[in-house]
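Using the sequences provided together with the hints, build the complete structure.
Quick note, the sequences are listed as chains S and Y, same order.
For the first sequence, counting from 1, position 2 maps to 2 in our numbering; every step adds exactly one.
For the second sequence, counting from 1, position 170 maps to 170 in our numbering; every step adds exactly one.
Simulated from the structure, these hints should not be mistaken for lab results.
Small disclaimer: the values here were computed from a predicted structure and weren't measured.
No residue lacks a Cβ here, since even glycine has one placed at the ideal position from N, Cα and C.
Taking beta-carbon pairs under 8 Å as the criterion, some of the chain Y residues facing chain S (in silico):
| # | residue |
| --- | --- |
| 1 | Gly-52 |
| 2 | Ala-53 |
| 3 | Gly-54 |
| 4 | Val-90 |
| 5 | Arg-91 |
| 6 | Gly-124 |
| 7 | Gly-125 |
| 8 | Ala-128 |
| 9 | Gly-164 |
| 10 | His-165 |
| 11 | Pro-167 |
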Amino acid sequence: MSRRSRAAGAAALVLAAALAAAAAPGGAGAPGAGSARVPAGLGVAWAPVTRVEGVPMLGANDLTRLLGASRTWRSDVRRMVLRSGGRHLTLTADNPFVIVDDRTLRLAHPVRSSQGELHVPVELVERLPREAGWPLLAYDAAARRVRVAPREGFVGTPRVAVSGARTTLEIPCERAEGAGVVGRSRARFRLRLPGALAGELPDSLPEDGLVRDVFATRSAGGVLLELALDPATTGFRLVADAARRRVLVSFTAIPEPGFEAFAAEGAAEPRPLRTIVVDPGHGGSDAGVQAEGVLEKSLALGLAELVADELQRRSGARVTLTRRDDRDLAQETRAELANRARADLVLSLHVGGYPGSRARGALAWCAPATRTPVAGAAGRAGGGREALAPLVALLPWREAALERAVESRALAEHVTAALERAGFGPAGVRERLPLALVGVHSPGILLECGSLTHAEDRARLLSQAGQRDLARAIAEGVLAWRQGG
Amino acid sequence: MRRLLLIAAVLVAVAILAQRFIVEPPSGPAPVSLPDTAEVGLRPVTLLFPNGAGDRLTSEVRELPEETELHARVAVLVAALEEGPRQGGVRPLPAGTALLHAYHDETGLLTLDLSLPFRQGFRGGARAEELALGSLVRTIAANVPEVRRIRLACGGRPLATLAGHFPLDQPLDPEDWF
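Structure below.
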């Protein structure tokens, strides 16, 4: 988890090349130069910008580093040549002409020599031809830095605005169309943004707003913003504005059209975790997904064993597998096994496969928390009603999982967040009762851990190290769920 | 000889003039092509296909033969899904999937009996299964408005699940799917 930011206001992130459309935060001053608010490990390569004769300049040594180039210096003509691959860039002291490969650029100000080093006007970084293969650099005027743009683009400084019962985060994002909500609880609302965080997290947040805290973590191909929301928040809305390269996520404390309501949430107290049932998907004549000679049923069994070991070692709980070999197993048998074991948790592990090769990442399915079971053990409602509960409560088979939907939803959120953090994302949660949980009277999820039809996913799923990392991440999620929330 | 040639030339000239003035072209209006009474009308339908990234359905409008009878209306939709998208996305139904029977009752419940390749040919994981089911029920609901819920069968028998990830023992409400 990255550093949490605290102070008020937010910086204007003016990424001249990439994020020109990013709006400056209102009513707040820019941070001073040298501010180190980009969370460690999340930021991109950068170099400071200094003023030479009033002109923002970048040191030639820093420029060489950012471009991944080598340099040669000819003192007789005071000329420096930077080379990277087949490309070259020629800088001459006190000369506004810069030669980039086969073209000459005339800068508004000349290259200067100061304190024994050449300094280049930052204007150059905006004019480096993208198509020539030079790394894309961007000037962040507010932070006085030049940054290397990652291939997947930038994520800029979020700006927080409060209007009545609504709080909105406006986040500059070059590839806004790839943004998505991956966690929907008020305690941990998670937003995945493609790109590298080049901006700053807000140092503090408006007192009257619904966003209480902001964290950022690295995710596969992007940044995971984690927001702690006020318990009064009733709904959210995500708008990915690709045209203006920004993501708007709004929260409201009153019902509003166009807003998605938060699902019911459980208490934020520790949960008992004495017995865990791990269910390797498919088996026997049902091989599941088959891709390039790999069978899902075998992969799921191996992964289930790793997850069971990890959970047993770290949680102290008793862990049971629904199958330990390759055999057919009816759904009713799996559910009965979990119910007989009085499982506190059921994990049904699967591996995906998709007709297209672009689909990747993890998905967790849980019983829909927005639905109320038509029948249930009324006595569990608590308080004095327990005395009125019948000795034997009949619960329709299909309704059993719905009774634990809220806890299941929380489990799905925790596990997918852990997978995102471990780089197994994008990870999402879907509320749809999976077959594996029909009749299961315990919190549980069906977890599809990746896609065998996606090259990167497949490579990781098939490697021992990848499977160990995956098992570790799943266990992390389960342990976080045990803590409550 | 010269006289014979002269007589022949006169006869040819007379014949040409006679054809021009005696054999007149038929008068009256030009023939009009009558409409083809067997022609099939087309109507635009909205098909919903899983997108390439596997996270949602994308719509595609296509002109399909206009049918009035329920079975035919549903059959052309199933066939279009089986054919796959033309504007991006992935094919949701296995090759060979076709509608065998369709029953629609007064409550709005449509029972679809699909051919065996629907189940036997499906090879995807949970994500693919969810999107395939969503594609099918949402496409039918979008184009056959009298349908409220859909129950799936395969090869004349009830279908418990497509690929082992989602139960199909109860009718599906299209509004629950994406």
